[in-house]
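When we follow the working numbering, the leftmost residue of the sequence shown carries the number 35, and every step to the right adds one.
Because the hints were derived from the structure by calculation, they are not lab data. Note that the Cβ used here is the ideal one computed from N, Cα and C, for glycine as well. Possibly wrong hints are sitting among the right ones.
Quick list of simulated restraints, FRET-style, between CB atoms [stated by the list, open to error]:
no., residue 1, residue 2, range
1, Gly266, Asn104, 22 to 30 Å
2, Ala325, Ala157, 18 to 26 Å
3, Gly103, Asp241, 43 to 51 Å
4, Val125, Pro281, 13 to 21 Å
5, Leu141, Gly266, 25 to 33 Å
6, Ala325, Asn230, 16 to 24 Å
7, Asn104, Glu136, 22 to 30 Å
As a list, the in silico DSS-like pairs of lysine-lysine whose alpha-carbon atoms are at most 27 Å apart [unchecked claim]:
no., residue 1, residue 2
8, Lys317, Lys204
9, Lys204, Lys36
10, Lys132, Lys320
11, Lys317, Lys140
12, Lys320, Lys140
13, Lys64, Lys36
14, Lys204, Lys132
15, Lys317, Lys36
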Amino acid sequence: MKIGLSSYSFRPLMQSGAMQIEDVFAWVGKHGGDHVELATLSVAPEGQDLQYELIDDAEMLERLTGTSGNSGVPLAGLCTSGNFIDDSERVFQLARLKRYVELCDKLGVRFLRHDVVPWSLRATAPGQFEEAFPAIAEATHELAAHAGRYGVTTSVEDHGFFMNSSERIKRLLHAVNLPSFKLTVDIGNFLCVDENPLTGTRACLPDASFVHIKDFYMRQTAPGTDWLQTVGGQAIRGSVFGYGDLPVQSIIEDIVASGYDGFVSLEYEGNEPTQYGCEIGLKNAKTMFAAAATR
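Could you put together the complete structure from these sequences and hints?
Shown next, in the form of structure tokens:
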């Protein structure tokens with residue numbers, strides 16, 4: 035098991051200028067992390083989240099390869115947005131994501147997680163998912179076939195509010211039906227659609243190419259304004275890994291028992307100070323994985 039961090043965990047400090055991408059790799063190496071997974075959003079200049087493209091940022095790409103080599107901390111994967119639901123966007127997005135596949139190959143990275151709809155999209159009418167699914171599946175298949183020619187594995191994640199739940203992402207996996215397409219299993223994001231994180235993770239682990247770990251506080255109603263509302267109206271907020279309400283020890287035991295032995299990225303999204311949350315979360319995760327391996 036290779037336990038590291040997503041660059042997304044450091045996004046608040048990167049957006050403020052307190053940390054640069056070089057600092058992220060140095061921090062991960064210093065604290066015993068095994069890798070960095072890059073969320074392209076995390077290196078976007080402030081206010082340019084939706085416009086930024088890593089594939090067009092030659093300077094950042096040079097910095098990435100240089101700092102990974104100098105630090106000895108590998109770049110394990112890329113995560114980026116995607117949108118196959120809009121007819122006007124699909125051709126452009128497919129061509130764009132094919133370039134990210136080619137970038138992965140150039141960087142020596144074998145894993146690309148991409149969205150298929152905007153993260154914030156929520157269904158507004160019955161049947162909306164069913165109507166959108168065939169076009170999403172077709173475009174995802176074409177991208178995965180392209181990735182297979184480069185030895186890259188693409189994946190979707192239980193992410194956001196539309197293409198989420200173990201049933202929906204496994205349905206997409208079945209429709210694509212290519213060995214170069216798998217699942218990024220995020221143990222916490224199932225909560226966004228009110229699915230039990232333990233059972234959702236269990237259902238998806240056999241098809242995982244990557245695993246994200248995180249923790250959340252959960253409440254039936256929001257006690258404040260900085261809580262995310264789930265599809266069913268519950269309230270969640272990120273926590274230090276091991277401090278929240280998810281059964282993270284049981285989930286980690288399931289990950290180990292499944293035989294999964296790939297990359298695991300901690301995504302810290304809490305309100306506690308960023309470096310504190312990352313440091314304690316990484317320590318807790320490594321302790322739990324070590325304990326699970328001895329069972």
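A quick look at each hint next to the structure:
no.: 1; hint: Gly266 to Asn104: 22 to 30 Å; verdict: violated, 46 Å
no.: 2; hint: Ala325 to Ala157: 18 to 26 Å; verdict: violated, 40 Å
no.: 3; hint: Gly103 to Asp241: 43 to 51 Å; verdict: violated, 32 Å
no.: 4; hint: Val125 to Pro281: 13 to 21 Å; verdict: violated, 43 Å
no.: 5; hint: Leu141 to Gly266: 25 to 33 Å; verdict: violated, 39 Å
no.: 6; hint: Ala325 to Asn230: 16 to 24 Å; verdict: holds, 22 Å
no.: 7; hint: Asn104 to Glu136: 22 to 30 Å; verdict: holds, 24 Å
no.: 8; hint: Lys317 to Lys204; verdict: violated, 31 Å
no.: 9; hint: Lys204 to Lys36; verdict: holds, 24 Å
no.: 10; hint: Lys132 to Lys320; verdict: violated, 34 Å
no.: 11; hint: Lys317 to Lys140; verdict: violated, 32 Å
no.: 12; hint: Lys320 to Lys140; verdict: violated, 31 Å
no.: 13; hint: Lys64 to Lys36; verdict: holds, 15 Å
no.: 14; hint: Lys204 to Lys132; verdict: holds, 22 Å
no.: 15; hint: Lys317 to Lys36; verdict: holds, 14 Å
The structure is inconsistent with the numbered hints 1, 2, 3, 4, 5, 8, 10, 11 and 12, although it conforms to all the rest.
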